[in-house]
Every structure is written in structure tokens, then in C-alpha cells.
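Residues per chain are reported as follows:
Number of protein chains: 2
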Amino acid sequence: MEADFRNKKILVAGLGLMGSAFADGLKVMAPEKVYATDLKQEVLLEAEESGLIHKGFMDPAEILPECDIVIICLYLQDALDFIRRNMNYFKKDCLITDIVGVKRALIDGIKDILRKDVDFIPGHPMAGRERTKEHFTPKSIFAGKNYLLTPSEKNRKENVELLKTMINKMGFGRIIITDPETHDEKIAFTSQLCHVIAASMVDLSDDSGITSFEGGSFQDMTRIAMINSEMWAELFIANSDKLTRILDNFIDSINFFKDNIKAGNSSVIVERFNEIGLKREAMGK
Amino acid sequence: MEADFRNKKILVAGLGLMGSAFADGLKVMAPEKVYATDLKQEVLLEAEESGLIHKGFMDPAEILPECDIVIICLYLQDALDFIRRNMNYFKKDCLITDIVGVKRALIDGIKDILRKDVDFIPGHPMAGRERTKEHFTPKSIFAGKNYLLTPSEKNRKENVELLKTMINKMGFGRIIITDPETHDEKIAFTSQLCHVIAASMVDLSDDSGITSFEGGSFQDMTRIAMINSEMWAELFIANSDKLTRILDNFIDSINFFKDNIKAGNSSVIVERFNEIGLKREAMGK
Numbered sequence: 001m002e003a004d005f006r007n008k009k010i011l012v013a014g015l016g017l018m019g020s021a022f023a024d025g026l027k028v029m030a031p032e033k034v035y036a037t038d039l040k041q042e043v044l045l046e047a048e049e050s051g052l053i054h055k056g057f058m059d060p061a062e063i064l065p066e067c068d069i070v071i072i073c074l075y076l077q078d079a080l081d082f083i084r085r086n087m088n089y090f091k092k093d094c095l096i097t098d099i100v101g102v103k104r105a106l107i108d109g110i111k112d113i114l115r116k117d118v119d120f121i122p123g124h125p126m127a128g129r130e131r132t133k134e135h136f137t138p139k140s141i142f143a144g145k146n147y148l149l150t151p152s153e154k155n156r157k158e159n160v161e162l163l164k165t166m167i168n169k170m171g172f173g174r175i176i177i178t179d180p181e182t183h184d185e186k187i188a189f190t191s192q193l194c195h196v197i198a199a200s201m202v203d204l205s206d207d208s209g210i211t212s213f214e215g216g217s218f219q220d221m222t223r224i225a226m227i228n229s230e231m232w233a234e235l236f237i238a239n240s241d242k243l244t245r246i247l248d249n250f251i252d253s254i255n256f257f258k259d260n261i262k263a264g265n266s267s268v269i270v271e272r273f274n275e276i277g278l279k280r281e282a283m284g285k
Numbered sequence: 001m002e003a004d005f006r007n008k009k010i011l012v013a014g015l016g017l018m019g020s021a022f023a024d025g026l027k028v029m030a031p032e033k034v035y036a037t038d039l040k041q042e043v044l045l046e047a048e049e050s051g052l053i054h055k056g057f058m059d060p061a062e063i064l065p066e067c068d069i070v071i072i073c074l075y076l077q078d079a080l081d082f083i084r085r086n087m088n089y090f091k092k093d094c095l096i097t098d099i100v101g102v103k104r105a106l107i108d109g110i111k112d113i114l115r116k117d118v119d120f121i122p123g124h125p126m127a128g129r130e131r132t133k134e135h136f137t138p139k140s141i142f143a144g145k146n147y148l149l150t151p152s153e154k155n156r157k158e159n160v161e162l163l164k165t166m167i168n169k170m171g172f173g174r175i176i177i178t179d180p181e182t183h184d185e186k187i188a189f190t191s192q193l194c195h196v197i198a199a200s201m202v203d204l205s206d207d208s209g210i211t212s213f214e215g216g217s218f219q220d221m222t223r224i225a226m227i228n229s230e231m232w233a234e235l236f237i238a239n240s241d242k243l244t245r246i247l248d249n250f251i252d253s254i255n256f257f258k259d260n261i262k263a264g265n266s267s268v269i270v271e272r273f274n275e276i277g278l279k280r281e282a283m284g285k
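Line order of the protein sequences matches chains A and B. Using our numbering, the letters of the first sequence map in sequence onto residues 1 to 285. Using our numbering, the letters of the second sequence map in sequence onto residues 1 to 285.
If you are wondering where the hints come from, they were derived from the structure by calculation, not from laboratory data. Each hint should be verified, as a subset may be incorrect.
Where chains are identical, the list cannot tell them apart; a pair therefore holds if satisfied intra-copy or between any two copies.
What the hints assert, rightly or not - Simulated pairs of lysine-lysine, BS3-like, Cα-Cα distance not exceeding 27 Å:
id	residue 1	residue 2
1	Lys262	Lys111
2	Lys111	Lys27
3	Lys91	Lys154
4	Lys111	Lys242
5	Lys242	Lys262
6	Lys164	Lys91
Make a model of the complete structure from these sequences and hints.
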């Protein structure tokens, strides 16, 4: 039986880039109500007026006791604070999920205070956007993107299924079920490493006209250097052990090429590039 | 007065990815003839039959004495060999250009043998393509791309203008006039560094399913790891001094982030990211 959202009240905590895309995406499922909380009253008023949400609340305690599903769209520390401060207000049996880019630090940060009668399923939608001047983000940023979930054995199977249905209906592509350790290990590589590299590349250049001298790779590789500084610094530090290990390995690999370029070892470089080319092809476009 | 190509005979030396795109692009100017040389007879025959060129030659000496413009579309060492071996066959006053990704090594490699009565204008079209199964490449890979030229004072002004007209008509975007040192310095950064980084990233991964765990950055940043190994190894080694210096600086920048992540210096990271974000914005999309 397909999950029915029409009798559900859903809260989106935080109407930033991701939160507003969730509010927009939830409409397809026509839940009974989509509520939102935010620190800024004007954001909530605009969201109400534009029909993005049914009603906004600055104080989560006013609405949390009614909500069947809570999607926390906040940065790591803010998400921890939100859950800790509001633990007493969550509705019994409610499904809580989040969008934070590291999972171990979030799960550990609430494990001692999480009530037994709520069901927290950690999540990570692999979607985002460069900085924009628009106030609210459309759900189209989700289209075809990966969504990682790290449920535990304690989670109710029907809630995991409900969340998967919701994710699919919002337009995401693959849903990957994994554990927090694997999540943080892979994310250190596919996401955090990329951001440190992009930032380091831009860091090196003192020529704002540098893009005259390129074929597209430099711009593609450094676009993510227009970074949300606070959010990423927080995620890097929260995943410090895994990220610094990968950065060490990455430096070793760069040094391998550097040493062989310096020594003019053409055949060694060609051989390694051939292996790498095949490996990358196996990963798909 | 606009340059007229209709009385020109043009030779494309090498019908690979770039050479075939040049042959295709030259058609708009309707030169008297577009000839090509290549090591593979079947490539020349197919190019003749498909109308890509007027006639192909395996031996450059047979056709070079007739050609007003020669575009050498070969790798660095092959381009050097082509120019050295065929120096006696170039037509008096002919315009020679090339597409090699480093300029100093090419210019130095021929400066002692270049005839005074030919006009060699080094060039570098910043266009390319991932490996493909198609035999010939359409000129569309040039659309809007940058083209770098490093003419010297010895070059004839009218030939530089002729070349610029040709480049524009083939659909390129900006033409940047620079010197070989600047070219090699900038290219080490915008192009060679990107390729070493992409290769090193793929080098680190032993998981062909890694792209399940990403939001797009990893795939975008590593697509160029499907590299033409021989060509790039040759270019890296030819530009070794500049590239290894940039790789050292890049490692320093990565280490800056690594050390501050390890130490949990959030404010230092945020401050640097803010600077970098502004710098990247100034570079344009």
C-alpha cells in the first residue's frame, strides 16, 4: 500500500536553500499541512504569502507537538541545537530526519537525549546550488540527485519506507542506504575533498583574468569554491579524521606525479594515467 | 580589407581529433583546397571520400611546396619532427601554425632550423573533447572557446591578422595574444594542474560505485581524468619547471586547509574561504 501523506502534518525546520526546496517538493504529496520554522519572521511571512507553506512559526514549541514528520534543514550545530532544545515538544511516534552533510557527528551529538518514542532517520540529500539572489529555491534542484540515508536497526521499517517514498516523489534519483561511517568516509572523498581542492586552486591564483587562459576545466573545477564558508568549515572539522586522512593520500598522489614529471619519467606517468583513465571510465559519466 | 581565403591552399598536418575539426572548420572560408597529411592511409581516404578534405598525402613533401598555410595538428614531439623533417619543403612565405599545448619547448625546439622565409606563428586552441568513437571531430568543439596566440616581432602583421580571421571564422570565442612564457605559466595552472588533480582524485578511489555518493562535483572534476596519456605526459614534462612549482604551491594550500581542519580552527578556515569565494566570483562563471 502506497504511503498516504494527505493526513500528515509536516514541519520544515529552517527555510534556507534546502528547506525551501523541501517545502516546494512536499507539495506534490499534498500533505494536510506543511509548516515551517525559521529565525526570520519576514522569511516565514513571505513563504506563507507565496503559498510555499501553510503557516510559519518562530517558536518550534508552538507547532512541533502536532507534526508527524519533521525535516530539519539546518547546519550541523544548529540542527543539534534544534533537536536538543525541542526534544520535549516532538509528537509521540513522529518521524524526524535531517539533511546534514556528515552523519556520525550528528548522531553522536543527540544519542543520549533522543526520546525512545520518536524515530530519527538521518539523511543527506546530495543536492545544492551556487549562491543565488532568489529567496526561495525550487524543488528542481533535487531532480535526479542522490539521497543518502543511514537508518539504524532501531528505526521503524514503515518510516524508512515512508521517507523513501517522500524522497522519490520530490524528484530525487537514487536512494542509497548506508551506515554513518561509510557515509562520512565516502563524503570526505566525493564532496569535502572536492571543495578543499577547488578552494586551494582559486587560492593560488592572483589573476582575475585567468579564465582567458582556459578551456573550461578550471571554471568547472573551481565553481564550488564559491562556497558557503561557515557550513563547510563546520562539516570539515566535524569529519576531520576522515578528511585529513584523504587529504594526506591526495597529497601523496599529487607528489607521485610531481616527482615523475620532474624526473621526466614519461613511461611511469603514461602507465599510471592509463590505469586511471580505465578506472574513471568504469565509474561512468 | 577582409582576408580572402579563396585563393589559398591550406594543409592540415595530422587528421586526429583536432586536425579533423580544423579541416571541418576551414570549409566556411572556402579556401581553394584543403589538403591533409596523416600516417594512416585509411584515415586520408575516408576524409577524401567524406568530403572533409580535397586530397590526402602520406608524404608531406609531395604537397607542402604548394601550401600557403600549414596547420600542424600533432603532439609536441611529432610537431617538432614534422617541422624539422620538412623544413626544406615549406613554400616560401608560407604561414605555419600549430596547436601544441606548451609553447616554449616547441619554439626552442625549432628556432635554430626555422627558415627565414617562412612565418611560424605559435598557437593553442583551448578546445578538446573526451575520447570518442567517432572518426572525425566536427568544428563545433571550437564554439566559443579561447584561442591563445604567441606571435613574435618577427611575424608579419598581415599573417597574424589572417590567422585571427581564420580563428574567428571557425567559431572560436576570444583570441588572446600573449608571449610563450606567460602562456606556459598560465596553462600550467588552468589546464595542466587540473589534469593532475583529476587524475590524483581518481587514483585515490578503489570504489567504482563511488558516484552513488556524490552530488555532481566529483564527476565534473574527474571527467578529464579520462586523459590522452601520451599527449599529457609529454606536455607535463615539457613544462616541468612551471608545473612542478605550481604543484608545490597547490600542496601548500591543501596543507593549509588540512592543518587548520585538524586543529579545528574554524574562524581561520571561514576567513580564507570568504576571500576565496570573492576571488572566484571575480573570475566570472
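Each hint, compared with the structure:
Taking identical chains as interchangeable, the C-alpha atoms of lysine 262 and lysine 111 lie at most 27 Å apart only when they sit on different chains, with a minimum of 24 Å there against 51 Å within one chain. Taking CA atoms no more than 27 Å apart as the test, lysine 111 paired with lysine 27 passes in neither setting, with 31 Å inside one copy and 69 Å between copies. For a Cα distance limit of 27 Å, the shortest separation of lysine 91 from lysine 154 inside one copy, 18 Å, qualifies, whereas the shortest one across copies, 81 Å, does not. Taking the closest pair of Cα atoms, lysine 111 and lysine 242 come within 27 Å of each other only inside a single copy of the chain (21 Å); across copies the shortest separation is 52 Å, beyond that limit.
When the C-alpha separation of lysine 242 and lysine 262 is checked against a cutoff of 27 Å, the pair qualifies only between copies, where the shortest distance is 10 Å, while the shortest distance within a copy is 30 Å. Proximity of lysine 164 and lysine 91 under a CA criterion of 27 Å is satisfied intra-copy only: 21 Å inside one chain copy versus 70 Å between copies.
Checked against the numbered hints given earlier, this structure breaks only hint 2.
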